[in-house]
Structures are given as C-alpha cells and as structure tokens.
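Sequence order for the protein chains is A and B. Those letters in the first sequence? Residues 1 to 514, per this note's numbering, in order. Those letters in the second sequence? Residues 1 to 354, per this note's numbering, in order.
To be clear, the hints were calculated from the coordinates, so they are not data collected in a lab. Careful, some of the hints might be misleading.
[As the list claims (entries may be wrong)] Here's a subset of chain A near chain B, in silico, CB distances under 10 Å, partners left out:
(1) Val-24
(2) Arg-338
(3) Pro-345
(4) Gln-349
(5) Asp-361
(6) Met-365
(7) Glu-402
(8) Asp-404
(9) Ser-407
(10) Lys-427
[Said to hold, decoys possible] Cut-off 25 Å, straight-line C-alpha distance, at most; resulting in silico cross-link-like pairs (SDA-like, lysine to any residue):
(11) Lys-388/A <-> Leu-213/B
(12) Lys-24/B <-> Arg-344/B
(13) Lys-352/B <-> Gln-349/A
(14) Lys-385/A <-> Gly-205/B
(15) Lys-27/A <-> Leu-341/B
(16) Lys-397/A <-> Gln-343/B
(17) Lys-27/A <-> Gln-342/B
(18) Lys-388/A <-> Thr-135/B
(19) Lys-24/B <-> Lys-385/A
(20) Lys-397/A <-> Leu-347/B
(21) Lys-329/A <-> Ser-180/B
(22) Lys-388/A <-> Gln-349/B
(23) Lys-221/A <-> Gly-205/B
(24) Lys-352/B <-> His-75/A
(25) Lys-27/A <-> Arg-228/B
(26) Lys-397/A <-> Gln-349/B
(27) Lys-352/B <-> Arg-73/A
(28) Lys-397/A <-> Gln-342/B
(29) Lys-27/A <-> Gln-349/B
(30) Lys-352/B <-> Asn-28/A
(31) Lys-352/B <-> His-314/A
(32) Lys-352/B <-> Glu-12/A
(33) Lys-329/A <-> Gln-349/A
(34) Lys-352/B <-> Lys-385/A
(35) Lys-14/A <-> Gln-349/B
(36) Lys-397/A <-> Leu-341/B
(37) Lys-352/B <-> Gly-77/A
(38) Lys-397/A <-> Thr-346/B
(39) Lys-329/A <-> Arg-344/B
Ideal placement from N, C-alpha and C gives every residue a C-beta, glycine not left out.
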Amino acid sequence: MSGIDEGDVILELKDITKAYSGIVALKNADLKLRRGAVNVLVGENGAGKSTMMRIIAGVERPTLGEIWLDGERIHLGSPADAVSHGIGIVFQELNLFGNLSVAENIFATREMTRGLRGIDHRAQVEKANEFLNRLEAGINAETLAEDLPIGQQQLVEIARAVSLDTRILIMDEPTSALSAAEVDILFRVISDLKARGVAIVYISHRLEELMRIGDYITVLKDGQITGHAMVKDIDTRWIVRSMIGSDAKDFAKQVDHEPGEEIFRAEDICLPRAQGGFAVDHVSIGVRKGEILGIYGLMGAGRSELFECIMGCHEHSTGSIYIDGHELKDRDTTRRIRNGLALIPEDRQREGLVQTMSIADNLTMASLGQFLRAGFHIDVAREVKAIKEAIRNLSIKARNPEFDVTSMSGGNQQKVVIGKALMTGPKILLMDEPSRGIDVGAKADVFLTMRRLAGEGLAILFSTSDLEEVMALSDRIAVMSNGRLVTVVDRRHATDEMIVSASAEGHKTKRMHA
Amino acid sequence: MTTATQTAAADSFSSGSALLMLMKLRTFIALFAVIIFFSIAAPNFLSTGNMILMTKHATQNAFLAIGMTFVIITGGIDLSVGSIVGLCGMIAGGLIMYGVVMPLGYTMYFNVIEVAIIVAIVGILIGAINGLLITRLNVAPFIATLGTLYVARGMALLYSDGQTLPNLTGREDLGNQGFSYLGSGTIFGLPVSVWILVVVALGAGYFARFVPLGRHIFAVGGNERAARMSGIRVNRVKMFVYMFSGFCAAIVGLVISSELMASHPATGTNLELNAIAAAVLGGTSMSGGRGTIGGTIIGAFVIGILSDGLVMMGVSSFWQMVIKGLVIIVAVVVDQAQRRLQQRVTLMQMAKAG
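Bound conformation, chain A alone (with noise of 0.2 Å):
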C-alpha cells in the first residue's frame, strides 16, 4: 500500500463519534480528503457513511471528536458554515424546490440582485445555462424543477454544487438516476474539477464506477473504518471483503427437534386497500408447537400487515384466527395478546418501546396483570425480580434498568421489546423484521433466542426480507409477495432461486391484469 499517506490533505476527520438515541453511527472514525483528488467512500446500507458527509456539510454535528480543515480546526455548526468554508454536496435524496424554476434552485441563497432593483432574473438564467452546457444537460434554466425528469433533476443538483465553486464537493449517490451517457458527462465534469484541485468525496453502490474513478478508497462497516488504500492497489473482491468482513452472518446452531401439533391458523386473512385491491390477500397460514415460519417477501409485500392482521390493529380485516383449534371472537389487541398471541413490531421507535419510560417500565408495561395483588395492587418486588430475570435471560445490557430505555443501543432496545411480549406469556410469537437495525453481534443474540423459546415450544412466526436469514432460522418458509401466500415450502426443499422467484411472483401477475 504505498502512496496511501501522501497527497495533499485538505480536509481531515479526527477521531469522530456520533451517536443518535439508541444508536452509534460512528466510531472513533478518521477520515482524510485530498485535495485534487477523487475520494471514494463505500459501505453497507446503514454503515455509516451518510452520517459522514452530513458530518462534513454541517448539517449533523458529531457527538465526539475534531474537524481539521487545512491544518486549522473548524466547527461546523450549520450547513451554512460548511458553505462558507467550501464545502458542497450533492444529497443522496433531492433537495430542490419544485415550484421554482431551475435557475433560482440553483442560486437559491445567493441570488445575483441589482441593489434595490430585486433580483436579477435574466443574468441567473444566463449563468446558469453556462453551468448547465457544461453538463451538456440540454436543460432550460428557465423551466420549472418539477417539470424535469428525475435524471435532470439531479443534474441540477450537480450544477448548483458545481457553481457553488467549491473546494470539497461531496457527491453522495449521483448517479443512481443517471444514464449511462450522463454518467459519462459526469466523470468528464469531475476530471475537470480534480484538475482545478477540487477534493471530491464519492459516494456510490457502483463498484465498477468506483474503480473507474476513484483515486482513494475509505470502507465503511457498522460505523467503523474497516478498509483504506489507493484505488489503484486493489480490486473489486478487495472491497467486498472490507465491505462485508468475514463475520458477516452468525447464524445460531440447526437444533433438531420435531415440532408439535398446530397451535395456531390464521384463515383467509383480507385487508382491503384504500386505494383498491388487497394488502393481504386471502392469506390461509398455520404454525406447530416448537417451529420456526419465517415469510420471506420484499417490501410491501404485506408482511406487517398480516402481523398487524393477526393481532386485531385492523378494523376492516376480515377472516378468522384459530389457537388450539378454538377460534378468537375477540377482535382487539388486548384480547388477542391475553389469548397468547404477541408482536415484535417492525418499527421499534413507534410501535415498540415508550420512550419517555425507563427499560423496567418498558418490560412490564403489557404485562402488569400478573404481578398484582387483592386486584388491582402492583406487587413491586415480584415485578423486579421479573424484570431481573427478563434482563437475564435475554442478555440484555442494562447498567440500571432504572434508566431510560433511549440510553441503550439498538440491539439492546429491540432485546426489551422481544422481553415486554415474552412477559405476557405468549403461545404464538410474531417477529415482525427481528433484526432490522441491531449490530451483529445483538443479531445472533435475538436469533439465538429464538432457536431456544422454540426449543421450550412457542410457535414462531417471524417475517424478513433477508434472503440468508430466512434460509439459517426457518423449519418452513413462506414467501408473501404483492399480499398474497405464493407458497409454503419446507427448509429442506428450499433453495435461493425458488424463494426469490416465488417473491416476484406476485408483481408479475398484476402486470398481466393491468
């Protein structure tokens, strides 16, 4: 790795750290951008680079350590700050505003006025047009943002950086709605930049581009820097394995135990839209004693919806749910919950823990009804010893389950919500995206969990969009796709290709209706 400490540094990160409530998204992270240079940035989804940049553009500011910008450290406490020291970026989402015509998005801010004349319209639109041939865009500065096409919107975007005559220009994602004759406009724009001696920081999913442009390569994983070198010295196997690393799934042990007899059946399940046809389509689906469903299906596949189904959040569900073989009257939560049934939400921020309240208070909050005495008096020390036991047995680290339940991680948040529904008591779990959102090693705590209450005998229902996941943790793997049931397979006939298929297959046959 020679070269890798030369180049002119411009801008450096020291030791970085930002937390938000309940997640660490960067840790003691180093980060240095050179100047004249093509600084590129990689990593999973949720790794931490977006957190990085806002970092930079001072649109965040980090919980811990320093910025050093040309040898002098700065603070960067707006986005405006970060302007006026040079620094652009090209956000990930679009920031124009519709309404306005493509030269006033880009002189937003700054507009050329003519003292108490107002602002000098015709000049905008000339300078503009300038920035935008440049581009070759074939863009009007005249028309209105929301008349373009996404692909043009971004160019845009990418003029307004461009004109903002920066010294760093921070470009997350900007080719994802491009063509590839527009990508190629972009990298001749960005050679262009480089040899004006402009830092450019370079954000992509796009390994081949990445190679094709970059000059220096910084990996992102779970917050922390796992990889750094010169482009030039590497590969695209390189990346993937600084990316991914290689303890990437631990997955808990196969224990092999027969399940039981069918607990629970939830038939021809229907949850109308609003805007027409079916969230969940006529889903039939039934779960043993001891075994592990995991519904397999890609976003909005109406996976949530069937939990929420299940457990009575929807007025306008119809069809019938069984445990034991007696069917549930009742349609409310309360009831379902009291009958055995429980949900690990998706959203554990708004559908899961009450964040006002300490992580004791968490736990037993659904389940305060067992704990009382004469009736309607809360036993206290049996609730703290429940709440010992949960904290136990779960592994969850918690200083002083005093505290508030924000003050923990995200693995740990998501270990109180998987408590508060095992302390109901339940007889069928739902886990609606288990690990979504926790570090891995919080992941193989909450899979290993899993393994053991179905090894106790509980049902479990759990749903993911993780391919592997559902493959390592599931007896039988359903697939929803577009609210429909397409197919019930057993793990042992399973494999990659069939589940991924099954999961389009509802797409497919609405095209042909349509």
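Following the hints, put chain B in place on chain A, whose structure we already have.
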C-alpha cells in the same frame, strides 16, 4: 492530545451532571425561593394564620392540578375544569336550597353527604363526556374540552339565571345542615379541605405507581401507538383521566361554595389555566409521558404563595399577572434546557461506551 481532550470531556460531563441535578430540583428550589423571599419582604408572612390561609388557597388549585397532571401526561388537556367547578358549585347550592322537584308536586331533599356524592358524580359525568368526545368521536382534546368549557359555564348561569344562591345553611327540618364543614371545618387545626387534598394526592400518587391503570397513563402519553400494540386499552385510560379530572373539579366546586356558603355561577373562571400552570411548573411535560403528582403539588404551592405573597406586599394585581406569566415561561424554558442537557449527557455516555 487525546488525554487532554478526554479530561476536558470528563470535566464538562461531571459539571453537566451537577447542572442537571440542579435543574431537576428546580421546583423545590423555586418553592424555597418564594418562601424565603416573602418571609423577608412581606411582614406577617410566616405567621401560622397566614400559612394556613395560603395553604387553603393553594389547595383549591392543587386539586385541579392533580387531575390536570394525569390528563397532560396522556398527552391531552382539560380546559373545562374551571367551568365544572362553577357548575358543580351551583348544583350543590341548588340541591341544598331547592332540592329536586319530583313529579306529583313532591320535592326531595338530600343530606350533605348525599349532595356531595351527587355533585361528584356530576363532575365525573362531565369528564366522561369529554372522554367520549375524545376517544369515540376523535375530537382533539383542546377543542372537546373548550366546548364543554362553554357548555358547562352556560348551564351554570342558566341554573339560577345568573343569580347567586346565597346562604346555604340548610334547614333543620330537612336534615341538610352542616354544608359549611367542608370549607371551614378543621381537623387537628388544619382545614378539612387540606386533609381531603392529602388523601386525594396520596391516592393519586399511589395510583400512578402501584396500579396498572395508573402506569398505563404514562405509557399512553409516551407513545400511544406502542401502548396500543402492547395491549393497553388506550381509550379506557383516556376516559379515566378525564373522569378523574372532572371529579377533582367537582371537589373544588363543593369546597368553594361551602367556604362562601353561597354558589355563584361565575366561580372558577380561569382556574383551568392556573391548574395547567401548576402542572407545568411541577415538571409535567406538555408533550405527554412525563410528570409527577408531587411536583404538581409543589407547583401549585409555588403559584399560590407567589400570588398571596405579592398581595401581602401590596403589588398591584396587574403586576401580579406579569410576574406569574414570567415565572411560567421561565419554568418551561428551564424544562426544555434540562431535557436537551440530559440528552447530551446520555449521548456522551453512549459514545464513550461505544
């Protein structure tokens, strides 16, 4: 270099915790501050007679503020309590003076205990109407209780055509004497209303900590969706808090008309604002989920002592309003600052723990 930054961070962290502690105790500090200030500035302030009088004044607001605290913790607001006070006072007076006219020209009179029970039920029923509007008909709490504020006040005025019902001594032959006991009676030298407050406050504090429904109040206010998903009956919790708030208002209506031995339909005007102020001063968060009964009572006493003390000092009532307003604003500003600081301290801890 690194060690320097670490110690600097540690310093700012520990001073942060000290500041945080100070901010958490702000209601206590405010209480002692007003007591010390007025005992120096206002002559006679510390006399037993004055203390008991001030306590009695603060008690009325404290009742309403306890009910209000539960409502605010669920994320709602109850603007109707002042009007409920007025209406309940009128009903108490009416029952004692005129009884209830039954069909066949026969009039039924109730003894004082029965009157108190009927009035309490009326308060709870108005609270139930608020609750039903909010849970079943999805009216925003602000609007629903604003509506009942006007309706209840209007009904109080209609009841006697705007007249005061004077002289509620009752008649010996009807067995409804002794109404004055609630407002002017004493037990061990303390007014009866103060003892009732002690009972209600201890009850509410116990309820919030040791009864499932009380714990659920906090869950509903902190995250209603999560509470519902956990099987908490959110509507039942909301019904309860508005009914309890109505009950507290009914007690105040009884106490005031008993004290004056007269019922006036405009009694209790603007009391809802005092109650909200006391709750907020006591650390109840207007966004729901946080608050304590103890804090609220201290808040009610701070406001009570502040107004009485200013009167004793001869400060004009116009200035009193300005000062009260400023105290409330400062309380909320400090509350926000505390929350921000707390968040920063937690994030720092997390960042260090990695």
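Here is what the structure says about each hint:
1. Val-24: At about 6 Å, which falls below the 10 Å cut-off, the nearest Cβ of chain B leaves the hint on Val-24/A intact, so it holds.
2. Arg-338: holds, 7 Å
3. Pro-345: holds, 6 Å
4. Gln-349: Given a least distance of 8 Å, the restraint on Gln-349/A holds.
5. Asp-361: holds, 7 Å
6. Met-365: Hint holds; Met-365/A Cβ to chain B Cβ min 5 Å, cut 10 Å.
7. Glu-402: This interface hint is violated because 13 Å lies over the 10 Å limit.
8. Asp-404: holds, 7 Å
9. Ser-407: holds, 5 Å
10. Lys-427: Hint on Lys-427/A: violated, closest Cβ of chain B at ~15 Å, above 10 Å.
11. Lys-388/A <-> Leu-213/B: Satisfied, since the Cα-Cα distance of roughly 23 Å is no more than 25 Å.
12. Lys-24/B <-> Arg-344/B: holds, 15 Å
13. Lys-352/B <-> Gln-349/A: holds, 23 Å
14. Lys-385/A <-> Gly-205/B: With Cα atoms ~23 Å apart, Lys-385/A and Gly-205/B stay inside 25 Å; holds.
15. Lys-27/A <-> Leu-341/B: holds, 22 Å
16. Lys-397/A <-> Gln-343/B: holds, 19 Å
17. Lys-27/A <-> Gln-342/B: Holds. Lys-27/A to Gln-342/B sits at ~21 Å (cutoff 25 Å).
18. Lys-388/A <-> Thr-135/B: Roughly 36 Å separates the two Cα atoms, so the pair is violated.
19. Lys-24/B <-> Lys-385/A: violated, 29 Å
20. Lys-397/A <-> Leu-347/B: Cα-Cα ~16 Å, so holds.
21. Lys-329/A <-> Ser-180/B: violated, 54 Å
22. Lys-388/A <-> Gln-349/B: This hinted pair holds, its Cα atoms lying about 23 Å apart.
23. Lys-221/A <-> Gly-205/B: violated, 48 Å
24. Lys-352/B <-> His-75/A: At roughly 21 Å apart (the allowed maximum being 25 Å), His-75/A and Lys-352/B satisfy the hint.
25. Lys-27/A <-> Arg-228/B: violated, 35 Å
26. Lys-397/A <-> Gln-349/B: holds, 14 Å
27. Lys-352/B <-> Arg-73/A: holds, 22 Å
28. Lys-397/A <-> Gln-342/B: holds, 20 Å
29. Lys-27/A <-> Gln-349/B: holds, 13 Å
30. Lys-352/B <-> Asn-28/A: holds, 10 Å
31. Lys-352/B <-> His-314/A: violated, 43 Å
32. Lys-352/B <-> Glu-12/A: holds, 21 Å
33. Lys-329/A <-> Gln-349/A: Outside the cut-off at roughly 30 Å; violated.
34. Lys-352/B <-> Lys-385/A: With a Cα-Cα distance of about 30 Å, the restraint between Lys-352/B and Lys-385/A is violated, given a limit of 25 Å.
35. Lys-14/A <-> Gln-349/B: The hint holds at about 19 Å.
36. Lys-397/A <-> Leu-341/B: At roughly 24 Å apart (the allowed maximum being 25 Å), Leu-341/B and Lys-397/A satisfy the hint.
37. Lys-352/B <-> Gly-77/A: Satisfied, since the Cα-Cα distance of roughly 22 Å is no more than 25 Å.
38. Lys-397/A <-> Thr-346/B: Status holds; Cα separation ~15 Å.
39. Lys-329/A <-> Arg-344/B: Violated. Lys-329/A to Arg-344/B sits at ~48 Å, over the 25 Å cutoff.
Comparing the model with each earlier hint shows violations of hints 7, 10, 18, 19, 21, 23, 25, 31, 33, 34, 39; every other hint is respected.
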